[in-house]
Amino acid sequence: MSLLELRDLSVTYAGDVPAVRGVSLGVAPGEVLGVAGESGCGKSTISNAVLRLLPKSARVGGSVLLDGEDVYEMSFGRLRAVRWATASIVFQGALHSLNAVQTIGRQIAEPILLHEPKTSRKAADLRVGELLEQVGLPARRAKDYPHQLSGGQRQRVMIALALACKPRLLIADEPTTALDVMVQAQVLQLLTGLVKDLGLALVLISHDLSVLGTTCDRVAVMYAGKVVEEGPASVVFDDSRHPYSGALAGAFPRVGDPRFRYAPAGLAGDPPYPGDLPPGCSFHPRCPVAFDRCVSEEVELLDLGAGRRAACLRAGEGS
Amino acid sequence: MRGYVLKKVGWSIGTLLFVVVFNFFLFRLLPGDPIGLYTRGRNMSPDQLVRLRQQLNRPISEQFVEYLGNPFASTINSTRFNRPVWDIIGERVWPTVLLVGTAVLVAAVVGVWLGIRSGWRRGSRFDRITTGTTNTLYAMPEFWVGMMLIMWLPFFPSGGINSVGVSGFFATAVDTAWHLVLPVTALAVVYLAEYTSIMRASLVDELRQDYLTLARAKGLREDLVRRRHAVPNALLPTMTLIFLNLGFVIGGAITVEYVFSWPGLGLLTAEALRGPDIPLLQAVFLLFSLGVIVFTLLADLLYAVLDPRVSTR
Ligand SMILES: Nc1ncnc2c1ncn2[C@@H]1O[C@H](COP(=O)(O)OP(=O)(O)OP(=O)(O)O)[C@@H](O)[C@H]1O
Ligand code: SF4
Ligand SMILES: [Mg+2]
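Taken in sequence, the protein lines are chains F and S.
Note that our numbering has the first sequence beginning at 1, numbered continuously upward.
Note that our numbering has the second sequence beginning at 1001, numbered continuously upward.
One chain only, chain F, in its complex shape (with noise of 0.2 Å):
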C-alpha cells in the first residue's frame, strides 16, 4: 500500500491562481519517486500540501492520504504529531528556511525534544552529531549559525535536520541542487541507502532529470499544475510519451536519437502563469507537434499500460 497518496489534489491561491490541478500519485515505503517539471509548475506547492503547511488563504481539494489517514481531517494535535515524526521535508532554499539566530545544533535538536520528550539534551545532542556526520559535515559545526555555513552545508543541514525524527516519508525538494557534484552523489547515495535499508518512501523534486533518471524507481513530470506523464524512470525521458517529457529530456540532448528531432535542446517560450493559463491542452502554445484538436480538447491522463501514464492526445500514437 502506499505510503503517501494524493487524490485528485489541487491547490489553489489567493486571487484564483490554480497552481496545482487534480494531481493524483503514490509512493510506497522502499520506493523513490520522482518529480519534474519547470520553475513554478507546483512541485513546491504540493509538498507544502501533503504536511498541510499552505496559506490559509489558499483552497485545497482532492485529498492527501499519509498512512491511509485523510491529512486534511486530522484534528491540530493529531497532525502536529504527524508532522516531522511521520512526514518530512527538505525545504527548497536552506537560506530562508533556517532560523538565522538560532545555532544549527538546536534547531536539529528542537523535532527531537518535540516528537520524543523523554529524550535528555544530551542525548539530542549526540544525535545531533551523528546526523551532521551522516551529511558529511563535523559534529562540532553543531554550535554554528547558519549563516556561517556555505550554501551546500547549509542544505545538507536541512537534510539532516529532516531525519531527525526517522520519518517514513522523507520530501526533498530540490535537496541537491546547490551542491557540487562529489556532494550531490553523497548525498543521493545516503538518500537511496535511507530507502533500501529502512523502507523509506521518498519523493525527490528536481529539475536535474539526470539525477532523476538514475535515483528514481518512478517518475512524474508536472507542467502547469497538472501531470503530464508519469512512468518507470527508466522509461520515461528515453522513450517519452508526452512531447513536453521529451522537450525536458532534450534539454540534455541525446545524439543520435531521432525521438528529438522536433525538441532539440530544451523549449522555446515560458510556462504559462497558473493564473492565465491556455484553453484545451495546457502545452499547446509550445508543443511542436500540436494540432487543432490541442487547442480545444481538455486532455486527461490516459493509462497506457505497463504502469504508464501520459496526458497527450497523441499518447496512444506509439513511438
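The set of hints was computed from the structure by calculation and includes no laboratory data.
Here the structure is a predicted model, which means the values were calculated and not measured.
The beta carbon of each residue, even a glycine, is placed where N, CA and C say it ideally should be.
Where hints are given, some of them may not hold.
A few chain S residues facing chain F, derived, Cβ under 10 Å [stated by the list, open to error]: (1) 1168; (2) 1208; (3) 1209; (4) 1211; (5) 1213; (6) 1217; (7) 1223; (8) 1229; (9) 1233; (10) 1236; (11) 1304; (12) 1307; (13) 1308; (14) 1312.
Here the structure of chain F is known, so what remains is to put chain S with the ligands in place on it, guided by the hints.
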C-alpha cells in the same frame, strides 16, 4: 566583532568632537549683546562689566581653544543661578532619568506585548483596535496629553516631585512614585504608540518568512512558533530602535517636565531659555547630544550582541 565595535566607537567619538565644536559656534552666532543678556536684572559695577567685556573681546580662536580644553570644566558658571553649570545639571539629571526611564520601561514592555499580539493576528479585531488607538495617541503632543491627564485625574498631584512635609526614605519613595504617575503616563502613552507599531511591523515582516513554515512543519504549536522563532527575530530591530529612541527621549521630556513642574533637565532647559542662560544652555545641549551619541552606540552594540550574524563574524 572587535572591528565592528572599534568602528562604532570611533564614529561616536568623531560625532562627539563635531558636536562640541558646533555647540561652541552655535552660541557665538546668537544675535544680541551677550553682556546685556548676561547681566540682565542684576546689579553689576561698571568695573565688572568692563572685565566681562574684556573676556569676550578676546580673539574667538583663543576662547575656542579654552572651551575645547574642557567643555565640562567646573569653572563655567550659570548666569542665572551663579553656580557651576555642571553642578546644577548633576542635581537635575536624576529626576529626568527616573521619569524617562520609568516611562520607557513601561512603554517598551506594554508596547512590545501589544505589538506581538496585534502583529501575529494581523487584521483581527484586537489588531484594528490597537492600531487605531496607538495611531491616535501617536498624533497627540506629550504636553497636551499631560494637560488632559491633569484635568481628568485631579486626585493625582499635578506637579512637583514631592509633597511638602514628607520625610523618611520609604514615605518619600512612595510620595515620589505617586507624583510620577501622571508625567510617566503622559510620556509613556506617546512612546507606547511608537514601540507598538515598531514591534508590530517587524513581526509582520517575519510572518511570511520560510523559517516559520519549517517551524510549523516540525510539529510545533503555534504559540511555540511565535515565541521561539518569530518573536526573537522580530525583537532584534525593535530593541535597537528602542535604544536609539532613548537618546532622543531625554530631550523630548522638556514639555512634559514643564507641564508637571518636574524638576529635571527639561524644566531646567525651559528656565535657562527664559534668560537666556547661555552657558547653562550650552551645557544642557551638549548633554542632550551626548545622550543621543551614547544611546546610538549602545543600540549598535546591543544589536551586535543579540544578532549572531554580527557577533560571530
Ligand atoms: N503563496 C502563494 N500565493 C500565490 N501564488 C503562489 C504562492 N506560492 C506559489 N505561488 C504560485 O504557484 C505556482 C507554483 O509555485 P511552486 O512554488 O509550487 O512552483 P515550483 O514548481 O516549486 O517552482 P520552482 O521550481 O521554481 O521551485 C507559481 O506560479 C507561483 O507563482
Ligand atoms: S495534447 Fe496536443 S498540445 Fe498537448 S502535448 Fe499532446 S500534442 Fe502537444
Ligand atoms: Mg519549488
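Check each numbered hint against the structure and report the violated ones by number, ascending. 1, 7, 11
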